[in-house]
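Residue numbers (this note's numbering), protein chains in the order written: chain A, 1114 to 1635; chain B, -1 to 81.
It is worth saying that the hints were derived from the structure and are not from the lab.
Cβ atoms here follow ideal geometry from the backbone N, Cα and C, with glycine treated the same way.
Some clues are possibly wrong.
[Said to hold, decoys possible] Per label pair, the in silico range of CB-to-CB distance: (1) B:T10 with A:Q1633: 26 to 32 Å; (2) A:Q1567 with B:L50: 27 to 33 Å; (3) B:L50 with A:E1387: 46 to 52 Å; (4) B:G42 with A:E1590: 18 to 24 Å.
[Claimed, not checked] Chain B residues, not near chain A, derived (Cβ > 10 Å throughout): (5) M(-1); (6) S34; (7) D66; (8) F71.
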Amino acid sequence: MPHVYTLPDTILSSAHQYPNKEAFRCDGKAVSFAEMVAIMNQIAYFLHDCGLNKGEKVGVYLPRSLHTALAVYGIMHAGGVYVPLDPDAPISRIQHLIRDCGIKILITNPFKRRAIPKLLEGFDDLTHIIGIKRETLSVPTCSWEEIQTLPETFPKSRVQAQDLAYIMYTSGSTGAPKGIMHTHYSGLSYAKLSQDLYELGSEDIIGNHSPLHFDISTMGYFTAPLAGSTAVIISDAYTKMPASLSQLIEKERLTLWYSVPLALIQILNRGVMEERDFSSLRWVLFGGEPFPTKHLRELMEKIPQATFCNVYGPAEVNQCTYHHLPHPPTDHTPIPIGHIWPNTEGLIVDKDGQEVQQGDIGELLIKSATRMQGYWNNPELTDRSFYKRNTTGIEEIYFKTGDLVRENEEGLLEFLGRKDRQIKVRGYRVELDEIESYLYEHPAVQEVAVFATQGKDNNKQIEAIVIPKTGHTFTLEELKSHLTKRLPPYAVPTKISTTDTFPRTSTGKINYIQLAQQQQLI
Amino acid sequence: MKEKLLTYVNETLLEGGEENHITSEEDLLTTGILDSVAMMSLVGYIEEEYSLTIPAGELTIENFISIDAITNFLSSKKEEIQL
Chain A
1114 MPHVYTLPDT
1124 ILSSAHQYPN
1134 KEAFRCDGKA
1144 VSFAEMVAIM
1154 NQIAYFLHDC
1164 GLNKGEKVGV
1174 YLPRSLHTAL
1184 AVYGIMHAGG
1194 VYVPLDPDAP
1204 ISRIQHLIRD
1214 CGIKILITNP
1224 FKRRAIPKLL
1234 EGFDDLTHII
1244 GIKRETLSVP
1254 TCSWEEIQTL
1264 PETFPKSRVQ
1274 AQDLAYIMYT
1284 SGSTGAPKGI
1294 MHTHYSGLSY
1304 AKLSQDLYEL
1314 GSEDIIGNHS
1324 PLHFDISTMG
1334 YFTAPLAGST
1344 AVIISDAYTK
1354 MPASLSQLIE
1364 KERLTLWYSV
1374 PLALIQILNR
1384 GVMEERDFSS
1394 LRWVLFGGEP
1404 FPTKHLRELM
1414 EKIPQATFCN
1424 VYGPAEVNQC
1434 TYHHLPHPPT
1444 DHTPIPIGHI
1454 WPNTEGLIVD
1464 KDGQEVQQGD
1474 IGELLIKSAT
1484 RMQGYWNNPE
1494 LTDRSFYKRN
1504 TTGIEEIYFK
1514 TGDLVRENEE
1524 GLLEFLGRKD
1534 RQIKVRGYRV
1544 ELDEIESYLY
1554 EHPAVQEVAV
1564 FATQGKDNNK
1574 QIEAIVIPKT
1584 GHTFTLEELK
1594 SHLTKRLPPY
1604 AVPTKISTTD
1614 TFPRTSTGKI
1624 NYIQLAQQQQ
1634 LI
Chain B
-1 MKEKLLTYVN
9 ETLLEGGEEN
19 HITSEEDLLT
29 TGILDSVAMM
39 SLVGYIEEEY
49 SLTIPAGELT
59 IENFISIDAI
69 TNFLSSKKEE
79 IQL
C-alpha cells in the first residue's frame, strides 16, 4: 500500500484500498478515487507540458465544483502550489494576487467565462488558462474535455513533505492581502489530527460547505481523502437556498457537517427542518466566529443525535482547539473554544511575553505540526508573527494568534476578542485598517474611520465614516464603488456616511469605541 | 413580469453595470452573479411587488435558478398574486 507523505499520497493510498469508492460528489456528479488518480495525472501531465516547475504557483479560480478537487490535486501532484482565488472577488484583487505570487497558469471552468476576458484586459502575467476553450483570448486555453484525453500516467513527482502545497490569502492590515504558506506536512498534519479527533473512516460522508479560499475547506479536501471518506462539495447554488441545502443533507446522508455558524442559522431559520431527516448526522462542526447561543440551543435540540463541536484556529495553524458541547447551552455564556488538540502546545502570555497565571487573560500562542511556514514574500511579517524560545538548546516556534483567551476553572479556553482591529464577517477575516487604507487612496478623503457595529440578527456589520477634503465633492455611491472594485463583497462597508469631526482620545487618536456607540444609537 | 424582474436584477442588484447584464435564462445561483444577500433582496422585492409571502420550503434552487424559473414558479401561484 502506498505510504502517505504528501497530500496527493492520500488519493493514491485511498485509490489502492477503495478504487471504486466515490472520493468527491457535487451536483449529482461523482468521481471515484481511481478516477481521481487518472485525472490528477492528466492535469499534472499538462502542467508539466506548460513548463511548470516544482514549487511554482497555479491559481484556482473556480466556484465550488468537482473541478475544484481535481485542480487542487492535479496541481500538487505536478509539484506545484495551489493558490485559491475567491471567484467572487473583484478582478483587480485577483490580478493583484496573481502578480503577488507569480502565477502563470490559471485553472477555471465555464462558469467564469464572463470574468476571464476582463481579467486578461491589459494584464499579461498569465501564460495558460485551463478549463475553458476560447480561441479569441490572448493566451492559449485548454478545456476540461481536452485534459481528459491526455495520458493517464504521470511519473511520480519528487515532492517532499516540507515542500509548499498551497498559499491561502487573507486580509492584511496594511492594505495588501497576505499569503499564508502551508506545506504538505502542515496540511497532512491537520488531516491526520482531524481524522483522529472525529474518528472518520470510509463510511463517512463529509459535507464541504466552505469555498476553497477559506481554511475550513481543508476538512473536505484533505481529511476526507486521507480517511477514505466521501466529500460532498456543496455548490454555490445550495449555499444561497437554505431549503435546498437542508434537502441536500438528507439526500446525501451526510455524517459530518462543517461550516461557519451563519450557514447553520440559515438552515435553522429557513431550511424547513421539520420536513427533513437529519438522522445521518454524527457530527456538526462550526468555526470561524462565535455561534449565538440562542440559535445553537435550538439547532442542537433539533439534531439531538449529533455531537456539536466548536472549532477554533487561525488559518496560520488551521485548527488548534476543539470543544465538544456536552449539552445545548442553557444561557448566553459564550461557548468555550475548549481544549488544545493533540500534538500541539499552547501558551497564554501577557504583553511582555510572560506566561500569565491560570485564569488570567493573555494572547494565545500555538506550537503545532499544522503551523504555516510563513507569509509569502514577507519574511518581516512572518518574523513578527512568530514567538521563538529556546529553553533546552532547541528553538521552539510558536504562532502568535493575536487572540485573547483565558483558561476557565474547568480548564477550558475561552475566546475574549482580538488584540488588534481584525474582525470576522460571516467567518471571513477582515482587517478594518485595510478598508481604511483603500479609502485613503480616494482623492476626496481627508480622514476616515472604519469600525464594526451589531447589525440585524446579531450579525456584525462594517461602517465607514469619512471627513471629506475641502473643495472636493463626491457621492457616497462613488466611494462604495471605489471599495467594491478593491475588496471582496463581505469586506465592503454596509454603511458609509460623512461627518466633519471624530470623537478623539486624549492623545488625539480616533475614539473608535465612542464612535461605534454613537452609531449604534442612531 | 419577466421584464420587471430582469430590470430589478440588472438595474438595482447589479447596479446597471452594462457588462454584467443578465438574460432571463441565465443561471443566477452558480455563477456568482448574485450572492446570498442579493438573492434575499430579490425574494423580498418579489414578495413586496406581488403582495405574497413565499414559504421557506419553496425557496429552492429549482424555483430560483433563473429569471425564467422564477417566472414559471410565480405563474403557478397566480391565484395568490394580486397584480
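Any of the earlier hints contradicted here, and which numbers? 3, 6
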